[in-house]
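If you want the building blocks of each chain, they are given just below.
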Amino acid sequence: MAMKVYGDGMSACVARVLLCLHEKETEFELVPVDLFACHHKLPSFLSMNPFGQVPVLQDDDLTLFESRAITAYIAEKHKDKGTDLTRHADAKEAAIVKLWSEVESHHFNPAISAVIHQLIVVPLQGQTPDAAIVEENLEKLGKVLDVYEERLGKTKYLTGDSYTLADLHHVPYTYYFMKTSHAGLINDRPNVKAWWEDLCSRPAFLKVSPGLTVAPVTN
Amino acid sequence: MSSIILRGRLLPPLPIKLHLHPSPSHSHSNLKFTSKSSPSPPTITMASIKVHGVPMSTATMRVLAALYEKELDFELIPVDMRAGAHKQEPFVSLNPFGQIPALEDGDLTLFESRAISEYIADEYSEKGEKLLCPGCKKVKALIKVWLQVEGQQFDPIASKIAFERVFKGMFGMTTDPAAVQELEGKLVKVLDIYEARLEKSEFLACDCFTLADLNHLPVIHYLMGTDSKALFESRPKVSEWVKKITARPAWAKVVDLQKQ
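Going line by line, the protein sequences match chains A and B.
Just so we're aligned: 203 in the numbering used here is position 203 of the first sequence, and the numbers increase by one with no gaps anywhere.
Just so we're aligned: 19 in the numbering used here is position 19 of the second sequence, and the numbers increase by one with no gaps anywhere.
Treat each hint with caution, since some may be false.
Label-pair distances were calculated between CB atoms; the ranges are [to be verified]:
hint, chain 1, residue 1, chain 2, residue 2, range
1, A, 38, B, 186, 38 to 46 Å
2, A, 121, B, 185, 15 to 23 Å
3, A, 139, B, 226, 28 to 36 Å
4, B, 252, A, 126, 48 to 56 Å
5, A, 181, B, 186, 26 to 34 Å
6, A, 203, B, 179, 43 to 51 Å
7, A, 10, B, 236, 37 to 45 Å
8, A, 203, B, 80, 45 to 53 Å
9, A, 39, B, 71, 45 to 53 Å
Listed next, the in silico BS3-like pairs over lysine-lysine satisfying Cα-Cα at most 25 Å (straight line) [stated by the list, open to error]:
hint, chain 1, residue 1, chain 2, residue 2
10, B, 186, A, 4
11, B, 138, A, 81
12, B, 140, B, 200
13, A, 77, B, 137
14, B, 186, A, 140
15, B, 140, A, 79
16, A, 4, B, 130
17, A, 207, A, 154
18, A, 92, B, 140
19, A, 154, B, 87
20, A, 79, B, 137
21, A, 92, B, 137
22, A, 143, A, 193
23, B, 259, B, 138
24, A, 92, A, 79
25, B, 127, B, 200
26, A, 81, B, 137
27, B, 138, B, 160
28, B, 130, A, 92
29, A, 77, B, 130
30, A, 179, A, 143
31, B, 138, A, 77
32, B, 160, B, 189
33, B, 189, A, 41
34, B, 244, B, 168
35, A, 154, A, 193
36, B, 127, A, 92
In case anyone wonders, no lab produced these hints; they're calculated from the structure.
Keep in mind the model is a prediction, meaning the values are calculated, not measured.
Even for Gly, the Cβ is constructed at its ideal location relative to N, Cα and C.
Take these sequences, add in the hints, and give me the full structure.
Here it is as structure tokens:
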């Protein structure tokens, strides 16, 4: 039976999982969850993810949540097909993939998701973005991207010469970020820009990005 | 500050040669040696695993916990945080984000404590405690989930509370009670989920201690020394879990390092 992903393609965290499924050429069914109607907060959903967040993955009798746990699971289960997202054959390379995945989790994501939250989610809730939060997080993001700029001057992708989960995890929020007026943070760093353009050229990206439909406030 | 690491064992009363090297990585000299408990006298071997960090740091403690659980020899190389050594060369060559810890294992250099602890658990899966339950695919997947829960749901809140209640005081700053209250309001929602989970499972991912539990230890350790401990103690399953994980001998060794 095909894996089921509960969520909506416009959610960055859901898109993270969809990208992984496409890279792994794995069939799946996307089961819509109406986020605007808060179906992800209903008891039926909470029984799958007590944190009330999309995505959730069901694979036979296994129910998983947390998008980066789901991508790691998919990448491992299907390690012998599609793109090698984890460099599993070499313990050292695999560790470097995990390292840059943690960098995305703890350095990149907190800053970029805070900006996207203010510029996309807050207006959808009928409120005004907090400019101070945006500015503070743009500064943090800039410092992270300075490290990326130097790293990507040495390697084509974050972990080395191959595209891995560490790169993939960055894609959805960066896609949304590039729709804002702050895209210069990426475009003004030549190595980061080249890396981003490469990520956008991948067939899996071209299948998933049409679903990333929410638009930021022009701010 | 110098540290001596001997798989957590006390120094035996036998003559042991010490190598004292001024190291470029920091302003203090290292003590490098390992010893094995065996009938033969201790030999001097170079530990291939080096941890650059300090025992007070939660992220360093996370890595040390994994190393002790795995009964691995390693060397702890102090980093002079007060002098800003972590923001300068040569440390930033190990971690361009300028944060401790960094780990060297032969020619591999890693940073990010959770990547390091997972590497240790994977690479040395045959040694010491099994932190990743290799046999069972379902449990392996659940470990991934609860590793992420610690990193994405628990730590962002809990580490800020630890900063307010514990670390601010160490740096001569004042705790912000409103911030603590707001953060605790968020943490209780997470702990309620943990309480429900631990009704079904002795530890977070399964009925045995895994990396998912281990990664929580450093911040929980600090919070249990503050008034925030009430949030854990008032939830029976969470309280029981905290007692079990903090009672582990490997964790006691990590805490001991802070006293040295």
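> Tell me, which hint numbers fail for this structure?
Replying inline: Result: hints 1, 10, 16, 17, 23, 25, 27, 34 break, sorted rising.
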